[in-house]
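Undergrad: Note that the protein sequences, when read in sequence, are chains S and R. Our numbering puts the first residue of the first sequence at 1, with every later residue one more than the last. Our numbering puts the first residue of the second sequence at 1, with every later residue one more than the last.
Just so you know, the hints here were simulated from the structure itself, not pulled from any lab data. Computed from a predicted model, the values in this text were never measured in an experiment. Cβ atoms here follow ideal geometry from the backbone N, Cα and C, with glycine treated the same way. You may find that some hints are simply not true.
Chain S is nowhere near these chain R residues, computed Cβ spacing over 10 Å in every case [unchecked claim]: (1) K30; (2) L185; (3) L196; (4) R227.
Facing chain S, a subset of chain R residues (Cβ under 7 Å, in silico) [as the list claims (entries may be wrong)]: (5) V18; (6) V117; (7) I126; (8) R133; (9) H136; (10) A156; (11) T166; (12) D210; (13) L211; (14) V215; (15) S221; (16) I231; (17) A233; (18) D251.
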Amino acid sequence: MLSRTFLIIAEHRDGRLRQISGEALQAAKRIGGPGDRYVYAVLGHGVSVASRKLAAYDVERVIAIDHPDLAHYHAELYADAVQRIADTCGADVIITGHTALGRDLAPRLAARLGWGLVSDVTEITRDGEQVRFIRPIYAGKAFEQKEVLKDRFIVSVRVNNIPAALPVEADAPVEELPYAPALPLRMVIREVVRKIAGKVELTEARVVVSGGRGVRSREGFRVLEELADALGGAVGASRGACDAGYCDYALQIGQTGKVVTPELYIACGISGAIQHLAGMSQSRIIVAINIDPEAPIFQVADYGIVGDLFEVVPLMTQAIREWRSSSVAD
Amino acid sequence: MNLYVLLKQTFDTEEKIVLQDGMIREDGAKFIVNPYDEYALEEAIRIREASGGTVYAVSVGPERAAEALRTALAMGADEAVWIDDRHIADEYGVSRALAAYLGGRQVDLVLAGLFSVDNGAGQVAIRVAELLRLPHVGSVTKLTLSGNKALCERDAEGDVERVEVTLPALITAQQGLNEPRYPSLSGIMRAKRKPLHRLTPEELGLTPEDLAPEVLRISLSLPAARRTGRILAGEPREQVQALLRHLHQDDRVI
C-alpha cells in the first residue's frame, strides 16, 4: 500500500498540551503503519510553546497557524485553517479528539472535504489490512464496529480511552503557515467566560466524584468538590441533581449529558437510573456511596458503602489529605 | 421567519438494549423524540410565539418516525416532513437528504439537537450546515434573536462562550437551553389536522449513488458485564480505610 499521511489535530490550553493530543497520535498509529507519515496540526494564538512540545513526538513535522483570531475555537475559521494544513501536507486521514473542538469541527470538515467520518471512537482494531473502529452507541449500552468505505476519512477519538503516545525527545521541524481568513465572517465570538480555570475538565478527568439527588442541595456539592480537589479530579452529577437545580447541566453525566470513562468514578447519593449508568459504567473502577442498600448503582459498583455520604465523603477527603501530606513528608 | 427543526426519533433513555440476530431489538421499545431535538423544537416554538413565523419539523427515518413528528406537531410545530430513509445508511446520507430538502426552501434558522442519544455521533446537523454553506453555532444553552442576528451562549467543555451569528444559520441545542413543554390535549387534537408530508430521496432528486454510504456498521456487541463488587463492612471510618486501601493497593487508581 502507498504511504499515507495522517494529520493529527493537537489541542492545548494555556501552553499545555491536552492529553488528547497524544491519544490522537496513538490512534493514528493504530490505523497506519511504520511507512506512513504523521503530521501534527496546531492552531491558536501564541502556540510556539505547544508547537515545541509537539515537535518532541515521533512525527514528521508540526504545522502551525498562529493568529489572534484563532485564540478560541471558531467553526469556520478552524475548518478553513485545517483544510489548508491538510492541503499543504497532502493529508489522507485526519484524527481529532471527540472534544468540544473535535466534535464540532470534524463533521464540518467531513462535509466540506467529502470524506467519511467515524465519531467518538473508543478502540481501533486491525484484521489484516482492514481497520475496524469501535464506538459506543446508546451512550455505552451497546457498541458498534465500523469500517470506512472511502480512502480518505476523519476519525474523532474519545478522551481517556486510547493510551496516549509519549514524547520521544525528537526534534521535528515546525512549519508555520500564514493566516488567511475566509471573508466575510458570519460568526463572531464576543466573550469567553472561563468557568473551569485551574480545574480538571470533566470528560478528561482521571477521577470523577459525582452527586445525585442524595446530595440534597447546591451547598451539598461542596463536600464532593473537596474530595474531587483532594484527588485531582472533577465533579459530575446525575440528571436528578441537575433537574433539582443543585448544579449546572454542564456537569450532567448520562445518556443525556456527558459520557465519562475515568479510572475512578465515585457515585455519591446516586440511585443509578439506566440513563445515568449509560454515561459512567465504562469507568475502570466504580465506587458507590448510598444510604439505600437496594440502590441499583451497587450492581455496577466495584466497591459499595451503604451509608450517609455527608459522613463518608468528608472522612475520605480527610484521609486522603492526611495520607498525601504524610507521603510528602516521607 | 422560517424555522426548521431537525428531529430524530430515538429509544427512550430508560430502555435497555437487547440484541437479536445481530440487530437491536425494537419490539415493545418505547420511542421518544430525541431529548436534544426536543430542546431545539421548544426553542423554535418559543421564537415563533414571540415574533411570528412558521415551525417545520423535519425527520429522516423509518415509518415510525412519523410518530415523533406527530408529537412535534402536538407540541406546536406547524408542519412536519418525513423523509424515508430506506436507502440511507449513514450520517452522510441523512445529511445529504436534509440538505437537498432545505436547499430548496427559504430558511432563516435551522435548529437541531447537539447529538442523538442513540448513535451519539453529532454529525448530521453540522454536516447540513456545511452542505448549505450556513454558519453554525454548536452546543447552545441560550439563544436571543436580534434583527438578522442570533446571540448565543454556548457550552464549551465547561466554559461559556457568547457568540453572535448572522442569519440564516444553524444552531445545535445543548441541555439547559429551555424546558420543553408537554403536548396539551388540544395540541394533540390540533396536530391531527396539521400537514405531515412524506418525501422520498428520489423526490428530492437524490439517486441511490448519491446516498452511497461512507462508513458501514459491521457488527454490534454489548458491553461485558461488570464483575460483582463488594459492600464494605464496618463503621464509616473502617469502611473508608478499607476502600482507600483497595483503591491504592489493588487497583492503583489513587
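Undergrad: Could you check if V18(R) really has its C-beta closer than 7 Å to a C-beta on chain S?
TA: violated, 9 Å
Undergrad: Is the shortest C-beta separation between I126(R) and chain S less than 7 Å?
TA: holds, 4 Å
Undergrad: Answer holds if the nearest beta-carbon of chain S is closer than 7 Å to that of I231(R); otherwise answer violated.
TA: holds, 4 Å
Undergrad: Holds or violated: the hint that A233(R) contacts chain S, with Cβ atoms closer than 7 Å.
TA: Given a least distance of 9 Å, the restraint on A233(R) is violated.
Undergrad: Quick check on the hint: D251(R) CB to chain S CB, less than 7 Å?
TA: holds, 5 Å
Undergrad: Far enough from chain S: is every CB of that chain over 10 Å from the CB of L196(R)?
TA: holds, 27 Å
Undergrad: Would you assess whether L185(R), listed as outside the interface, keeps its beta-carbon beyond 10 Å of every beta-carbon in chain S?
TA: Its Cβ never comes within 10 Å of chain S, the nearest being 25 Å, so this holds.
Undergrad: Should the interface hint for R133(R) be scored as holding, given a Cβ-Cβ cut-off of 7 Å against chain S?
TA: violated, 10 Å
Undergrad: Beyond 10 Å from every chain S Cβ: check whether that's true for R227(R).
TA: violated, 8 Å
Undergrad: Answer holds if the nearest beta-carbon of chain S is closer than 7 Å to that of S221(R); otherwise answer violated.
TA: holds, 5 Å
Undergrad: Does T166(R) hold up as a contact with chain S if the rule is Cβ-Cβ below 7 Å?
TA: holds, 5 Å
Undergrad: Should the interface hint for A156(R) be scored as holding, given a Cβ-Cβ cut-off of 7 Å against chain S?
TA: holds, 5 Å
Comparing the model with each earlier hint shows violations of hints 4, 5, 8, 12, 13, 17; every other hint is respected.
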